[in-house]
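Trainee: Those protein sequences? They're chains A and B, same order as listed.
Under UniProt numbering, think of the first position of the first sequence as 1, with each following residue one higher.
Under UniProt numbering, think of the first position of the second sequence as 1, with each following residue one higher.
Calculated directly from the structure, the hints in this document are not laboratory data.
Errors might be hidden in some of the hints.
[Claimed, not checked] Cross-link-like lysine to aspartate or glutamate pairs, in silico, EDC-like; alpha carbons within 20 Å at most:
id	chain 1	residue 1	chain 2	residue 2
1	A	Lys71	A	Glu320
2	A	Lys90	B	Glu116
3	B	Lys71	A	Glu120
4	B	Lys90	A	Glu116
5	B	Lys90	A	Glu114
Because the structure is a prediction, the values reported are computed rather than measured.
2 protein chains.
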Amino acid sequence: MSSQRRRKGSGRVTLADIAAKVGVSKITVSRAIRTPDKVSEALRLKIQRCIDENGYIPNRAAGALASSQSKTVALLVPSFSNAVFTEVVKGVDEVMLSEGYQVLIGHSGYSTLEEERLIETFLQFAVDGVILSGSQHTERARRMLGQANVPVVEMMELADNPLGICVGFDQVEAGRSVTEYLIEKGHKRIGFAGARMDHRAQQRLRGWREAMWKAGLSDEYLITSQAASSYDMGANLLAEFVQRWPDLDAIFFCNDDLAAGAIFECQRRNIRVPHELSVIGFNNLPIAASTSPSLTTVATPRYEVGRRSAQELLKLLQGEEAEELRIDLGFEVKGRESA
Amino acid sequence: MSSQRRRKGSGRVTLADIAAKVGVSKITVSRAIRTPDKVSEALRLKIQRCIDENGYIPNRAAGALASSQSKTVALLVPSFSNAVFTEVVKGVDEVMLSEGYQVLIGHSGYSTLEEERLIETFLQFAVDGVILSGSQHTERARRMLGQANVPVVEMMELADNPLGICVGFDQVEAGRSVTEYLIEKGHKRIGFAGARMDHRAQQRLRGWREAMWKAGLSDEYLITSQAASSYDMGANLLAEFVQRWPDLDAIFFCNDDLAAGAIFECQRRNIRVPHELSVIGFNNLPIAASTSPSLTTVATPRYEVGRRSAQELLKLLQGEEAEELRIDLGFEVKGRESA
DNA sequence: CTGAAAGCGCTAACAT
DNA sequence: ATGTTAGCGCTTTCAG
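Use the sequences and the hints to build the structure in full.
Mentor: In structure tokens form, the structure reads like this:
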């Protein structure tokens, strides 16, 4: 007859159920789970058995509410189809998992507006920290992150004005370096081919341009597209380059997908790489080592960026002050057959 | 003063804060957000302004707790680096987002034990539904899902005994089909090359074997590895095949990554594909259309599998009964240059 | 080592 | 159209 304002509840087994069955208080069950050494062994075992038998699964929403700590962090990447980020995700995930944090992953599709929407969503989940890709965010996203007062790490590039701290490498410098590598090899007419020109690709373009200027070479051999990067797009870009500038020495493709597509197109057109034309890519994705000829490219520390970002976030989460605001993990020009 | 059992709280702006500032009750603010038409326009506007000004972000943990629905679903994939699943994720995400659900993504690294761990974690988040890859799960995972009483969709293969419903295509049939395609082309010595032999790859292998038997052909040309799939592995497998069986007609690689790697190796070895050797892959990833020669493969409806899985889960979430338990989305042999 | 009471921030249920 | 009250399932705080 206990009727009167009955609520549904989830119908699942709760901490209170376990407590009642074992004949202890809720807090003791809670302790047995979270701080086992604060509960006598006998009791702990008894509680554990009851938990197993009843398939009790703690409700984290309740826990988060009570402790105002969700033990989750948000990780925002531009895209899953971009293999660059799969390793970043792996690095973040491994570190966070080992510290008992759950990583909530979102992909913005290279849209800062979608990123803003995701930040809002994840903030609703009361994430304890946020890892973002890049340094380009909407005003509102910045404001929300500020108000929420959560630690933020930006990765993959070194922001001038980091929201919190940033972990990555100098994309401009990388673009410059690899262009200088080509120049040192004696190339003069060096093109830049880009697609999906996100902020990082634009920085590489800037590096190319600076290197060309510095060497007194022309930066006219430039074709970029805002469309998505793909093997096909790489093939198309190559076709356009050889048609417009038949006497080109080399082309710097802003990523390995494009460069690999260009290599395939060269095979079809019987353009001998690197004898007639040098091709370089960016990122050192697995495909770079496998094509024929293999692809000269820039090796980027993606996995390490993920790990380090997570480690730094963890420090902030534990209340430590950041020592370095901009953590540079470097890059390396990887000479192979194509250039 | 008012001291006595004070708790920390999150320090963030809450619904109560907004209610107090506007001078209404909490539930009215709640309604203004969730069911705007149940609040007078004037009040709604006033509340909305206050929310914006104060940067209020609803706490979903609290909402989930109160309503015992989280408006989130879990999506478990074996791997992010496998491009097959990036499209599945995209399909699921698009559909779920459009219905106001947030998708929590986890990757099991092809381990059913890791999958079990993820299921437990996501169940702690009180997800409303779960989408799994494949039909292989641990006993404990099955039990947890059963007890949690959430709708489950398994995707990518057609389980004999689905946990809930399943959405995919017949992997055995696909393996058989593409082998028959080769047989019809007049090939007799057809090899099967596999890596990371997950359950789906094993089913394709079975299809190959069945087709070979049916045609009275030998199934001796078989090499598989439990190691991860990669371009390199494809190249290695090709090398091993041509060494062991120099007179082979064709090789069915269990996925496009392997097949592409094999194509690259053929280029290096000057093995003319398809004249000397036919090569086929599986999945029709973007690379299949781009290599030279382009890759004959099996087009699989990955994106559609994602969308449909989400749609079916949505139906279950709304309490509808499942009409079909096994939803077959088919596949298509995609003839190109390599076979 | 164990427990009682209070409350995290929100929504369901029952008013008016 | 708006409000009151209770309570979701857990952890914190204070006590013993």
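Trainee: Now tell me if each hint is right for this structure.
Mentor: Hint by hint, here is what the structure shows:
1. Between Lys71(A) and Glu320(A) the CA atoms are separated by roughly 17 Å; this keeps the pair inside 20 Å, and the hint holds.
2. For the suggested pair Lys90(A) and Glu116(B), the alpha carbons sit about 18 Å apart, so the restraint of at most 20 Å is met.
3. Taking the CA atoms of Lys71(B) and Glu120(A), the gap is near 15 Å; set against the 20 Å cutoff, the hint holds.
4. For a cut-off of 20 Å, the pair hint linking Lys90(B) to Glu116(A) stands: about 18 Å separates their Cα positions.
5. At most 20 Å may separate the alpha-carbon atoms for a hinted pair to count; Lys90(B) and Glu114(A) meet this at roughly 14 Å.
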